[in-house]
Amino acid sequence: MKNRLKVLRAMRNWSQAELGDHLDVSRQAVNAIETGKYDPSLPLAFKMARLFGLRIEEIFDDESDGGQHG
Amino acid sequence: MTNLTEANMADPQDSRRRPLTPRAKRYWGSLIGAGLLGAAISLLLLPLSIEAGHNIGTGDGGFFDPFENPINPTLAVLVSALWMAGLLMMCLIFYRSIDEFEERDYLWAGTVGWYAMMLTIPAWHVLWMGRLVPPVGIWWIFAIGLLSNNAVWMWRKFRK
Amino acid sequence: MLNLMEAQMTDRDDADNSNARATIWIMLAALGIVMTGGAIAGYWSEMRSDGGDPLSPPGIIALALFIAIIGGLAYSIWRNAHKIKASGDPLSRREKLNNRILVGSGSLGAIIAVILSLSGRAGDGRPDVFSNAPISEPVALLLAFTVGVLLPLVSWYWHKKVIDEQEEAAYRTGTLFAMYAFWIIAPVWWLLWRGGMLPAPDGVALYLMTTFIVVIIWFWKKYR
Numbered sequence: 001m002k003n004r005l006k007v008l009r010a011m012r013n014w015s016q017a018e019l020g021d022h023l024d025v026s027r028q029a030v031n032a033i034e035t036g037k038y039d040p041s042l043p044l045a046f047k048m049a050r051l052f053g054l055r056i057e058e059i060f061d062d063e064s065d066g067g068q069h070g
Numbered sequence: 001m002t003n004l005t006e007a008n009m010a011d012p013q014d015s016r017r018r019p020l021t022p023r024a025k026r027y028w029g030s031l032i033g034a035g036l037l038g039a040a041i042s043l044l045l046l047p048l049s050i051e052a053g054h055n056i057g058t059g060d061g062g063f064f065d066p067f068e069n070p071i072n073p074t075l076a077v078l079v080s081a082l083w084m085a086g087l088l089m090m091c092l093i094f095y096r097s098i099d100e101f102e103e104r105d106y107l108w109a110g111t112v113g114w115y116a117m118m119l120t121i122p123a124w125h126v127l128w129m130g131r132l133v134p135p136v137g138i139w140w141i142f143a144i145g146l147l148s149n150n151a152v153w154m155w156r157k158f159r160k
Numbered sequence: 001m002l003n004l005m006e007a008q009m010t011d012r013d014d015a016d017n018s019n020a021r022a023t024i025w026i027m028l029a030a031l032g033i034v035m036t037g038g039a040i041a042g043y044w045s046e047m048r049s050d051g052g053d054p055l056s057p058p059g060i061i062a063l064a065l066f067i068a069i070i071g072g073l074a075y076s077i078w079r080n081a082h083k084i085k086a087s088g089d090p091l092s093r094r095e096k097l098n099n100r101i102l103v104g105s106g107s108l109g110a111i112i113a114v115i116l117s118l119s120g121r122a123g124d125g126r127p128d129v130f131s132n133a134p135i136s137e138p139v140a141l142l143l144a145f146t147v148g149v150l151l152p153l154v155s156w157y158w159h160k161k162v163i164d165e166q167e168e169a170a171y172r173t174g175t176l177f178a179m180y181a182f183w184i185i186a187p188v189w190w191l192l193w194r195g196g197m198l199p200a201p202d203g204v205a206l207y208l209m210t211t212f213i214v215v216i217i218w219f220w221k222k223y224r
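Going down the list, the protein sequences come from chains A, B and C. The first sequence begins at 1 in our numbering and counts up by one. The second sequence begins at 1 in our numbering and counts up by one. The third sequence begins at 1 in our numbering and counts up by one.
With the rest of the complex left out, here is chain A (with noise of 0.2 Å):
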């Protein structure tokens, strides 16, 4: 599932494990969360929309329409 996460992470000037360590979850799984290759539980997205003050829609982006949401 494509998403902002490299983005708003190089916003914060984070690195992967920075992020790594606000989620309490390894640099792998950012790495993979952020390159589409692992898709995030709901509790985990929902920490990340908390992280970034933002809602899961504005992170993530499941192409099913279109990518309206870009």
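Only pairs whose alpha carbons sit at most 30 Å apart, straight line, appear in this in silico DSS-like list of lysine-lysine:
id	chain 1	residue 1	chain 2	residue 2
1	A	Lys-37	A	Lys-47
2	A	Lys-6	C	Lys-221
3	A	Lys-47	C	Lys-96
4	A	Lys-2	A	Lys-47
Listed next, with one range per pair, are the computed distances between beta-carbon atoms:
id	chain 1	residue 1	chain 2	residue 2	range
5	B	Leu-20	C	Leu-153	37 to 45 Å
6	A	Ile-56	C	Ala-20	27 to 35 Å
7	C	Lys-83	B	Ala-39	53 to 61 Å
8	C	Leu-28	B	Ala-81	29 to 37 Å
9	B	Val-133	C	Val-215	23 to 31 Å
Coverage of chain C stretches by chain A, computed from C-beta distances (three or more under 8 Å per stretch; other residues unrestricted):
id	segment
10	164-176
11	212-224
Just so you know, these hints were derived from the structure itself, not from any lab. No residue lacks a Cβ here, since even glycine has one placed at the ideal position from N, Cα and C.
Please build the complex by placing chains B and C on the supplied structure of chain A, with the hints as guidance.
Same frame as chain A, now just chains B and C:
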């Protein structure tokens, strides 16, 4: 308000039996198919084992061990191919018919089944090396894995 | 705007997937050292049982070759460890704990292998980790307790407190495939043994085979 609505809500489909959807038919078909495959192979091997037991024996009935007696090599290859192809086919049908919820349950069941087998083998093996128990029996390991896997899968699937 | 930002972004840990490669090399090199050590022990006892002198000129050349292999593998470990360190890839708290537990479990496995090697002897009396020779009852009970009681407790803690959901998913996929592999391989091996084509099925060989499958899939799904 939410609780009230939720409490008043009655799912009309709860009270009557629904016909099986194509997905459910594939699902149960793959499970029953896998069971029938195992049963067919057992039924095929059993009389051959008895016959082999008679042949090995000394004429007064021989010995019979369905897990040990030799069988025809060609038959061994054929049954092996049947087992591999059958199991792979059932797996493909099964995985095409399950949803993400069941897939998650089955992954959990797989992990527990694997742990059950992989913790039993070394513990059993070292106890055998101490000559405290008989050697590791792979069919016992197979059964331990299958039972623990099915127990977890059924518990997660049917718990309410 | 978003795409522009993404294109311009240089991330110090974007290229660090290569650390997975370095880690795999370290693991393979460590395995290689253990196996070469076993080969030296085997070679030494073979020479002695044949009445030869392991320290004769050909023996010294063979030993030097083995030692050179170990040296090369050790250098590979040092180099790859250095590469990981130099990449500046920081680890999150969870990963540090995870690494400590994995290294601890690996060390425990190595200790068990050493105990088995020293307790079990092959036919010619040399240490053999795969020997099926009897071991003393207390050692057997101690090892069974370690594998049957301590290891499940560590595994439980590892699943509950250490790994995150992405690693959990990777591990679960690995174990499911490994279980299927066991269910396919074990009966086929058993059938081919009964057909007189293979030696009797061996539980420990099946254990090693399926564990290898778990490690490969888990690692691939975690780091790809």
